[in-house]
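A.B. asks: With these hints in hand, go ahead and build the complete structure from the sequences.
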Amino acid sequence: MTQPPPPALEARGVNKWFGANHANRDVSLAVPKGTIHGVIGENGAGKSTIMSIVYGYLPADSGEILVDGRPVSVKSPRDALAVGIGMVHQHFMLVDPFTVIENVLLGAEGGVTLAAGRDRARKELIHLAREYGLEVDLDRPVGELPVGAQQRVEILKALYRGADILILDEPTGVLTPQETDHLFRILRALREQGKTIIIITHKLREIMELTDNVTVMHRGEVVANVRTAGTSREQLAELMVGRKVLLRVEKTPANPGPVVLSVEGLRVCDRSGVERVKGVGFTVRAGEIVGIAGVSGNGQSELLEALAGMRPIAAGTVRLRGEDLAGRPGLFNARALRRLHVGHVPEDRQRVGLVTSFEAQECAILGYHDEAVYNGRVLMDRAAILSRCESEMEAYDVRPRDPTLRAANFSGGNQQKIVLAREMERNPDLLLVGQPTRGVDIGAIEFIHKRLVALRDQGKAILLVSVELDEILSLSDRILVMFDGHLVGEVTPEQADERRLGLMMAGAA
Amino acid sequence: MDDILILALLLIDATIRVATPLVLAAFAGLYCERAGVVDIGLEGKMLAGAFFAAAVAYSTGSPWLGLLAAIAASVTLALVHGFACITHHGNQVVSGMAINILVAGLAPTLAYAWFKQGGQTPLLPGEARLPQIRLPGVEALSPIPVIGPIYRELIDDTNVLIWLTLLVVIVTHWVLTRSRFGLRLRAVGESPAAVDTAGLSVTKLRYQAVILTGVLTGMAGAYLSTAHGAGFVRDMTAGKGYLALAALIFGKWRPWPTLFACLLFAFTDAVQVRLQGVPLPIVGVIPVQFIQMLPYVLTVLLLAGFVGKAIAPKASGIPYVKER
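Sequence lines, in order, name chains A and B. In this text, residue positions in the first sequence follow the numbering used here: the first is 1, and each later residue adds one. In this text, residue positions in the second sequence follow the numbering used here: the first is 1, and each later residue adds one.
One thing to keep in mind: the hints can contain errors.
Facing chain B, a subset of chain A residues (Cβ under 7 Å, in silico) [to be verified]:
#, residue
1, Leu66
2, Leu81
3, Val83
4, Val95
5, Gly107
6, Glu109
7, Thr113
8, Leu114
In silico BS3-like links for lysine-lysine, alpha-carbon gap of 27 Å or less [as the list claims (entries may be wrong)]:
#, chain 1, residue 1, chain 2, residue 2
9, A, Lys244, A, Lys450
10, B, Lys322, A, Lys75
11, A, Lys33, A, Lys75
12, A, Lys75, B, Lys204
13, A, Lys450, A, Lys251
14, A, Lys203, A, Lys33
These are calculated hints, taken from the structure and not from any lab test. Just so you know, even glycine gets a beta-carbon here, dropped at the ideal spot from N, CA and C.
C.D. replies: In structure tokens, the structure reads:
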């Protein structure tokens, strides 16, 4: 009787603490050779930590790593590369001004001078490109390449160093659907050639589409190792979050009231003076969610920012409850709009929505800090601010529940909850929301979606901008599609399907 | 005709002599800044080099031992800077400034303790200074027009450190663009995380860079006190470290443009010396203080307006801390 071949990569009983935080708790997993293996879990579940340990980027506190059945000591990325483990990080580890070849050579130059190694690398890279569909322009600086190509450079780097096991950390977060398809083709081609692929993600659809086996992590522990074919999205979501999750938002039909926001012929320019919103008109009524769909960069961001008073409008009218605000700078700015009960959840929470070096309680009153309740005669009323933040954290289940923790130290989902709580708990008549669940894990997405629907049911008007089609489809009562600065169509979610919307978003329908 | 040629040659000769310490210091800065370590302590390291070169050369009679002492002192200070900034992630500007202040006080104090001459070293005798290189054939070539004077005034009788500096420029260009070390050095200044994940040590590379910085500032200091001058005097660097930093920025952290910037600064300095007390058309004699301002005014103007966008190495000034 022949022994089954040992797994290409195995972790046994790995533990890792960050201070008091037990980030990896007896993590064990085995990845058979020549398979694509998914590792899923919410943010902070410890999936990136275990992979950083495997790659030698972080030391484990206990446990062992085996490659092809033999224990290995991986103390640095150099050791990992030596035993054939390569990693593609979520944030690319590339030197922007360097050409593709120089990036591939870095650390594997093959001699004191560059000339010889450069020629060999060129030959090898052309070979790899042909074999796996990893085409990139070798002599362009990587900073000039699109994101998808930069990712291919990272894969080339690993393969050039002879990696047999390739770890990809959240590889699709920054890719367009087409680039994602391209990546998946590459990964399947690599599997054909006997390479072993590990992909860390929180996107269930990708797991189902691509992987052979899945390891599910929750709060630092492995909660399941399953064959992809024998599971479902719903089951994985439940394992990830530790409870049943609704992947589809439950809501009743909208009951629209009077018009709250009415926009006509709105034109907005970006900082370099290029017109990005080219004359759009629409209305948002009380008690409905209007979703604006579109591929990122078609003017939605500028539209949202203009309506929030963050960006001057070049032409057009903006009426709030019938009152024209355009051309009245005293009323049409971010600060005045807040007083007119317009809430704004910006697309970029870290840059615009929060001051990441501020404490959570300070972030909880940003933009409302001049309200009388938070101010004494001279100094701010710390107790009032603290209690406000505590009650918001309670209501939105922000973890850890520590108002004095700096905003930067919360996970993406919890940062977003801080912003949402700030804007929604003040009962705005109109809420402008941009990318409410970008980079937010699945449990928090469910929560945020429920909250938005609840606000709608209270009779508030909501304008939602999102590049996630799923989100637009499940939340919106009406969907507007934006392409190249124009609104190119309006549909209801019942009429819309992803294909039809996709065509409209591409300007083809 | 010949007079004009001689005048031009003398001006170029002066430019080169003034430019040499600037070039050495600017290239010192180039190594560490391309590796991501900002160093405004060039001034202090140069001054330390100048003092130790003169002191040791005077005590031993050997300019070569002086040069070694200058390099040792300067490298020591560079390692202090490295320890603060690389090992302990300290603020690079603060550390550099601390070194400048430390040396500005320490060098004259030590000089006073050793030589009791009011913070200076004694005047160096000729054999304790770094030698000029005499080339053969000056007599034979002299009568030839143009080439003769160029050879006689410019190339012959040039200090050994000037030749070394020329070598430094060429080697630096080659190292940066063609060598493995250069590739890694540039990478660590742009994206230390990429270097780390490629299995290389960010710390080691940055230490190598600051040591090179120390070697070159040591040479620059030795040039000031044992080649260009004949002894150490208080504050003899007179802002050259900062000027070198300005030249480095003006040269956008690249070898040849940086060399050009140093030569430009040195040229205005040479012109400045020539213009002192000379009546100019229309304006007459300009007070000497205004003439002496020329190189510095030029620096400010160039940095303020004419550089265009100077893009520093991206990770310059940022300590590398591993992310979780």
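A.B. asks: May I ask you to test the interface hint for A:Leu81 with respect to chain B, counting a Cβ-Cβ separation under 7 Å as satisfied?
C.D. replies: holds (5 Å)
A.B. asks: Quick one, are A:Lys33 and A:Lys75 close enough, alpha carbons at most 27 Å?
C.D. replies: The hint holds at about 23 Å.
A.B. asks: Holds or violated: A:Lys203 and A:Lys33, Cα atoms, limit 27 Å.
C.D. replies: Given pair A:Lys203, A:Lys33 holds - Cα atoms ~23 Å apart, limit 27 Å.
A.B. asks: When you check the alpha-carbon spacing of B:Lys322 and A:Lys75, does it fall within 27 Å?
C.D. replies: holds (14 Å)
A.B. asks: For the pair supplied as a hint, A:Lys450 and A:Lys251, confirm whether the alpha-carbon distance does not exceed 27 Å.
C.D. replies: holds (9 Å)
A.B. asks: Please verify that hint: A:Val95, Cβ, nearest Cβ of chain B, below 7 Å or not.
C.D. replies: Holds - the Cβ of A:Val95 comes within 7 Å of chain B, reaching about 5 Å at its closest.
A.B. asks: Can the hint on A:Thr113 be confirmed by a CB-to-CB distance to chain B that is less than 7 Å?
C.D. replies: At 6 Å from the nearest chain B Cβ, A:Thr113 passes the 7 Å test, so the hint holds.
A.B. asks: Once the shortest beta carbon distance from A:Leu66 to chain B is found, is it less than 7 Å?
C.D. replies: Violated: closest Cβ of chain B sits about 20 Å from A:Leu66, beyond 7 Å.
A.B. asks: Grab the minimum C-beta distance from A:Leu114 to chain B and call the hint holds if it beats 7 Å, violated otherwise.
C.D. replies: Since chain B brings a Cβ to about 6 Å from A:Leu114, closer than 7 Å, the hint holds.
A.B. asks: Once the shortest beta carbon distance from A:Glu109 to chain B is found, is it less than 7 Å?
C.D. replies: holds (4 Å)
A.B. asks: With a cut-off of 7 Å on the beta carbons, see whether A:Val83 makes it to chain B.
C.D. replies: violated (12 Å)
A.B. asks: Does A:Lys244 pair with A:Lys450 here, judged by a C-alpha cut-off of 27 Å?
C.D. replies: holds (15 Å)
Against the hints set out earlier in the document, violations occur for numbers 1 and 3.
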